[in-house]
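Peer 1: As you go down the protein sequences, you meet chains W and X in turn. Read in order, the letters of the first sequence are residues 538 to 651 in my numbering. Read in order, the letters of the second sequence are residues -9 to 103 in my numbering.
Rather than coming from a laboratory, the hints here were simulated on the basis of the structure. Some clues are possibly wrong.
If you want a taste of the chain W side facing chain X, the calculated C-beta under 7 Å gives, among others [to be verified]:
id, residue
1, A551
2, G553
3, F582
4, Q585
5, G589
6, G595
7, L598
8, T637
9, F642
Heads up, the beta-carbon is just placed ideally off N, CA and C, and yes, glycines get one too.
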Amino acid sequence: DSGVTQTPKHLITATGQRVTLRCSPRSGDLSVYWYQQSLDQGLQFLIQYYNGEERAKGNILERFSAQQFPDLHSELNLSSLELGDSALYFCASSVERSSTDTQYFGPGTRLTVL
Amino acid sequence: AQSVSQHNHHVILSEAASLELGCNYSYGGTVNLFWYVQYPGQHLQLLLKYFSGDPLVKGIKGFEAEFIKSKFSFNLRKPSVQWSDTAEYFCAVNPPGRRALTFGSGTRLQVQP
């Protein structure tokens, strides 16, 4: 158990819908990263938040957005869902004290878009 | 394009065989290097990491990796695999100046009893 929690574990929805994925970082970690794992694209970085502020963006679609709340949990919002958005979405957290931090991953949310 | 390459996509070994999984990256400058493992149906777990110092890094479960700067490589090794090592293995890099990880495509290891 990494200490990073994600809910829900599974999510099945239809095209065009909107969903919210939730992540709680390890105690003391200020930084949250979101990654997408799909069969065709592999593991890709989406976005990073640090202490409530957006820190870096990766290959995140405009239909996707995220935020980090004062209690440091983060939510990833996916809208106008398409079949190709079906994937495993991981969040990871780190302390972010130095350039040699380690990211610890949560169990992931498996999203299926029908 | 700058990337991380794992050349072995699927490896099948018998128990007690030795393992070496290749990882090459194409970033210049100082990078941090990681190997993560994903057991079936589970999340990514850190096996080992390299930031600086001794290029031979020991991790959990008997795994080790060697950083060879001249070859831009960070290969994962284990002298004797077990059935329980069946999993997918990902090499990852912090490119210079970036905290987010860039992952290789993964290597699926199947260990036969």
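Peer 1: All hints are to be evaluated individually against the structure, with a verdict given for each.
Peer 2: Now for the hints, and whether the structure bears them out:
Because the beta carbon of W/A551 sits about 25 Å from the nearest beta carbon in chain X, more than 7 Å, this interface hint is broken. With 7 Å as the threshold, the beta carbon of W/G553 stays out of range of chain X, its nearest partner Cβ sitting at about 29 Å, so the hint is violated. Hint status for W/F582: holds, given a least beta-carbon distance of 4 Å to chain X, under 7 Å. Look at W/Q585: its Cβ gets to within about 6 Å of chain X, closer than 7 Å, so that hint holds up.
Annotation: W/G589 was flagged as interfacial toward chain X, and the flag is violated, the nearest CB pair being 16 Å apart, outside 7 Å. Contact between W/G595 and chain X, as hinted, is supported at the beta carbon level, the nearest pair being about 6 Å apart and thus within 7 Å. About 16 Å separates the beta-carbon of W/L598 from the nearest beta-carbon of chain X, more than 7 Å, and the hint is not met. A hinted interface residue such as W/T637 counts as satisfied when its beta carbon comes closer than 7 Å to some beta carbon of chain X; here the least separation is about 4 Å, so the hint holds.
Because the beta carbon of W/F642 sits about 4 Å from the nearest beta carbon in chain X, less than 7 Å, this interface hint is met.
Hints 1, 2, 5, 7 from the earlier list are contradicted by this structure; the remaining hints agree with it.
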